[in-house]
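Student: Here is how the chains run, residue by residue.
Number of protein chains: 2
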Amino acid sequence: MLEKINSPEDLKKIPLAKLSTLCDEIRQFLIDVLSQTGGHVAPNLGIVEATVALHWVFESPTDKIIFDVSHQSYVHKILTGRKDLIKQLHNTPKINGYTDFSESEHDFFRMGHTSTSISLATGLAKARDLQGRNYNVVSLIGDGALSGGEAFEGFNNGANLKSNFIVIVNDNEFSIDTNSGGLYANLTHLRQTNGDWSNNYFKALGYEYFYVAEGNSVTDLVKVFQVVKDSSRPVVVHIHTKKGKGLSFAENDTVHWHYKGPFDKNTGQAIFNAKANPNFASAVKITQGFLDRQLADNKTAFVIIPGAPNLGDYLKNKYPAQYVDTGIAEEQAVAMMSGAAKVGAKPYLYVSSPFIQRAYDQIIIDWAVNQTPGVMLVAWAGISGGDYTHVGMYDIAMLAHIPALTYITPASDDEYKAMLEFSTTFNKPLAIRLGSGNLPRVEAGSNQPIELGKWAVTQIGSQVAILGLGEYFIKGQQVAQLLQAKGIISTVINPRFINILDKKLLQKLVQNHKIFITLENGIVSGGFGQIVAGYLSSIDAKIIVKNYGAKREFINNELESDIMNRYHLNPEQIVEDIERLV
Amino acid sequence: MLEKINSPEDLKKIPLAKLSTLCDEIRQFLIDVLSQTGGHVAPNLGIVEATVALHWVFESPTDKIIFDVSHQSYVHKILTGRKDLIKQLHNTPKINGYTDFSESEHDFFRMGHTSTSISLATGLAKARDLQGRNYNVVSLIGDGALSGGEAFEGFNNGANLKSNFIVIVNDNEFSIDTNSGGLYANLTHLRQTNGDWSNNYFKALGYEYFYVAEGNSVTDLVKVFQVVKDSSRPVVVHIHTKKGKGLSFAENDTVHWHYKGPFDKNTGQAIFNAKANPNFASAVKITQGFLDRQLADNKTAFVIIPGAPNLGDYLKNKYPAQYVDTGIAEEQAVAMMSGAAKVGAKPYLYVSSPFIQRAYDQIIIDWAVNQTPGVMLVAWAGISGGDYTHVGMYDIAMLAHIPALTYITPASDDEYKAMLEFSTTFNKPLAIRLGSGNLPRVEAGSNQPIELGKWAVTQIGSQVAILGLGEYFIKGQQVAQLLQAKGIISTVINPRFINILDKKLLQKLVQNHKIFITLENGIVSGGFGQIVAGYLSSIDAKIIVKNYGAKREFINNELESDIMNRYHLNPEQIVEDIERLV
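Chains B and Z are the protein sequences, given in the same order.
Read in my numbering, the first sequence has 533 at position 533, and its numbers run on one by one without any break.
Read in my numbering, the second sequence has 83 at position 83, and its numbers run on one by one without any break.
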């Protein structure tokens with residue numbers, strides 16, 4: 001049947017009685033495709049029936065279906081004409097792992113961060129009401145995304161609508177594994193009572209409420225969706241689904257099958273086991289080793305993880321009392337860190353660059369203005385070939401200008417270890433930027449101790465000074481080597497401190513350097529290089545400063561080699577530029 | 001009695017039976033003081049009994065009492081040794097309008113933004129548990145602050161604690177006026193049923209729950225606080241209080257008495273009626289006039305206000321369907337704007353600079369990456385003599401580097417009107433920075449139409465180019481006049497576009513200008529000036545760029561004249577600097 005379906009109209013031709021068979025076909029198709037492409041395996045396997053039922057009952061794109069995060073929109077893509085394209089997932093920029101309005105009229109938003117769908121949907125609903133139209137607005141949100149503050153704000157405001165507003169809560173028991181209290185206990189109680197628990201979170205917020213115990217029964221789902229369709233008031237449909245359904249490995253280990261690379265569908269084994277590159281060390285391993293010692297030595301030290309990224313199970317299992325998973329709740333994570341540090345505990349917050357964007361005000365108000373000595377480790381920062389919403393190249397522009405926050409970044413594995421040690425005694429807000437996750441094993445001035453605001457000079461030359469920040473320090477070294485081959489001995493610097501200038505050093509350098517090159521793994525606008533340029537251009541030095549990094553733009557699923565070329569970030573390109581200036 | 005109270009210990013010597021009389025004394029004292037100093041009148045009058053009961057029952061500072069926002073902490077300040085100091089509120093840097101750890105050991109955090117107390121308290125509680133201590137952690141949060149996502153994240157995570165965690169919800173019926181659905185309807189139902197409503201929001205989240213109908217009865221409060229004291233699990237005490245209690249004007253008009261300047265305590269009349277300065281126009285009035293026309297002409301245009309700041313009652317009353325108050329929920333406000341713009345409605349978001357910090361990720365992910373044509377008006381932006389958390393000088397560093405967002409700022413009243421017109425046809429994300437609220441009535445190039453990325457030149461000279469951004473354009477004009485008196489004819493520029501360089505103009509200017517001055521009403525780090533310096537220092541122009549603005553630091557209740565001196569922002573100081581360079 002699937003072969004003939006290229007649109008929701010085609011789907012609607014299938015009779016209700018046959019939908020269940022169609023779901024089996026889709027599930028098999030998904031397993032075949034994902035075993036080759038990799039992707040969000042377990043979430044999409046769990047949501048097959050709900051997606052089929054939604055498109056069978058509602059009239060997309062007139063009715064608007066918004067997938068929260070949208071990592072579970074593969075079935076939606078299959079049913080809306082992208083069945084062939086999805087076979088190339090991760091191998092072509094023509095299809096994203098998330099919804100994208102430029103990909104299909106059935107995708108309304110570019111999504112990718114959690115907890116946003118309900119708030120976006122209130123906008124659609126408000127516009128619809130003002131325009132005098134009357135379509136359905138449907139958000140589909142997973143239980144994991146309910147923990148984010150924006151989801152609550154959306155619920156609270158959505159309840160004020162006097163019109164159609166449907167929220168499907170996909171409850172796949174994320175809660176059992178990690179959370180015991182709060183909203184997750186409420187979901188558990190609701191499941192256990194077939195939706196009849198007193199003190200229902202959704203009813204408390206003013207929503208009409210339906211519970212579907214068999215969220216993988218397409219007929220049960222169709223029945224309820226038909227009831228709520230064209231509803232004239234806010235309603236929640238709480239559906240209980242099985243994450244990973246139909247793939248035994250995924251059903252049994254939903255946490256590790258949330259996202260998987262290509263795998264053997266018979267054994268579940270990963271197909272590619274990437275060999276570790278001996279020139280790089282894993283930032284996660286160094287972090288884990290350091291925290292292992294800290295948590296063992298100091299019973300008031302603890303780790304805070306806002307949902308993702310994961311540091312692995314080791315610390316969680318070994319130090320359950322010293323490991324706090326806040327769920328997807330970065331605001332909470334930052335405030336909790338500051339509160340705990342205030343009274344002498346030693347919290348370490350581990351978060352990824354794109355998601356720390358969700359706690360900007362908390363970093364300023366709950367943390368920096370309170371000057372509490374928390375340590376924030378910012379992982380997965382830098383230019384990458386990921387999706388729009390998962391490229392972590394804005395964190396320097398975001399964090400470097402916040403008062404009272406010191407932002408540092410290591411150029412090597414040894415330097416990261418030294419910075420972690422530095423963090424144990426530094427008593428003000430500190431953030432450490434980790435880049436892509438692989439730390440170069442290079443000599444980056446490790447004999448020069450970490451001192452507040454002091455940059456490391458690793459090669460002394462003249463004419464050209466190269467400031468290679470963090471991960472891009474090795475790029476600076478490569479540029480220096482190429483220049484040396486052309487007879488130019490440059491000065492190479494590892495700045496370490498993103499937002500503290502070593503003015504003494506810079507004042508010395510301007511005496512015999514006329515070209516300054518800054519290299520950073522992030523956007524130039526608002527970045528490290530502009531701070532340097534702002535200072536150097538003010539001191540009457542008659543020098544040139546060239547800032548290398550990314551443009552102020554969104555990038556999406558682009559080959560990293562293409563990005564490097566486009567931004568002139570290859571050492572050869574940089575050397576060409578320098579030669580023109582010398 | 002109040003005379004003898006200089007600490008919580010002194011308070012505890014008063015017998016329970018006399019606390020009510022003490023509360024009357026405090027209330028009278030408050031009215032006397034606030035009628036002279038101005039301040040958050042109604043919130044503090046409503047919370048007298050609760051504060052007295054808290055300090056009578058709990059042992060501050062061993063027990064930690066955290067006031068959300070802390071604009072309602074005046075009574076707390078009075079009871080903790082700051083009774084005389086508070087008479088100088090707003091007239092000395094020795095006392096803030098919010099809690100501040102550097103002011104008293106009874107204040108744990110510098111607060112000022114809403115909805116943060118519960119999350120901060122989870123950090124205190126977690127630290128306490130790891131440290132094996134056993135004090136009470138008590139947050140006091142008002143109903144208005146419950147709408148912010150961080151408060152929900154705090155509740156949801158606090159519920160996981162297996163230890164003492166007390167949240168006092170001060171419900172003064174904020175809900176009646178503005179909100180009908182969501183959590184506020186739940187509070188209303190709870191009040192109407194004396195706390196017995198089915199589907200209790202707090203119970204749904206796993207909290208033990210107590211309701212105090214007479215939240216201005218100090219004996220009722222003491223009774224319940226004694227019950228929950230030393231509780232070994234998370235508990236909510238929902239207290240129903242009267243905002244503005246004891247001052248008839250404030251009781252009858254809580255919205256306008258939320259904050260008041262000095263007033264006559266017999267008539268309620270304001271003591272100072274500031275005369276409008278004829279050299280400035282009110283940004284609020286221009287905004288209101290423009291929106292009045294837009295909302296009348298286009299029934300799909302609407303205004304979104306996240307709680308504060310207020311645009312006044314005019315639009316709200318005239319266009320109830322086109323005016324959305326999201327409550328304090330900036331994330332929701334931005335996402336709603338983007339969602340509505342996506343399907344062709346025309347939303348205008350009005351927000352203040354310090355609070356838009358709360359929606360950084362939503363601006364990037366829900367809005368900019370979706371390229372929806374919303375318009376965000378950023379009010380109260382700039383260097384000011386306010387409290388730590390209310391100085392709006394970070395928004396350029398925050399917003400200017402976001403891809404796909406155009407950030408503009410007017411130099412005059414006429415230019416603001418032109419920019420608002422520009423916003424009606426511009427079909428990408430647009431933000432307009434409004435500064436202090438008073439727009440200079442000056443000629444700032446109003447004969448040069450607003451064109452994307454084109455700066456206005458208002459005086460042509462040589463040697464020195466002065467780029468005066470937004471409100472600081474007049475500072476640039478003043479500098480130019482002073483220079484002219486010294487025989488230097490400078491070029492004066494109104495850049496209009498904060499984050500788009502007019503490279504053509506700059507390339508022309510570098511030919512006969514050697515000094516570039518940038519002036520901006522915000523921090524230099526990450527600001528407009530550094531974007532300019534980054535470009536100019538890269539083009540081998542042998543020029544000097546001086547960026548004027550605020551340092552990367554927090555400022556607090558400082559005289560604006562002192563700040564200007566310290567940052568060298570007086571025109572005379574800037575001219576001195578230039579003379580040294582010429």
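Be careful, since some hints might not be right.
Where chains are identical, the list cannot tell them apart; a pair therefore holds if satisfied intra-copy or between any two copies.
Unchecked claim - Listed below are the simulated DSSO-like cross-link pairs for lysine-lysine, each with C-alpha atoms no more than 27 Å apart in a straight line:
(1) Lys316 to Lys162
(2) Lys285 to Lys13
(3) Lys503 to Lys514
(4) Lys229 to Lys417
(5) Lys551 to Lys504
(6) Lys299 to Lys542
(7) Lys318 to Lys162
(8) Lys275 to Lys245
(9) Lys83 to Lys417
(10) Lys417 to Lys551
(11) Lys162 to Lys299
If you're looking for bench data, these hints aren't it; they were derived computationally from the structure.
Student: Any hints this thing doesn't respect? Which numbers, in order?
Tutor: The structure conflicts with hints 2, 4, 6, 8, 9 and 10, although it agrees with all the remaining ones.
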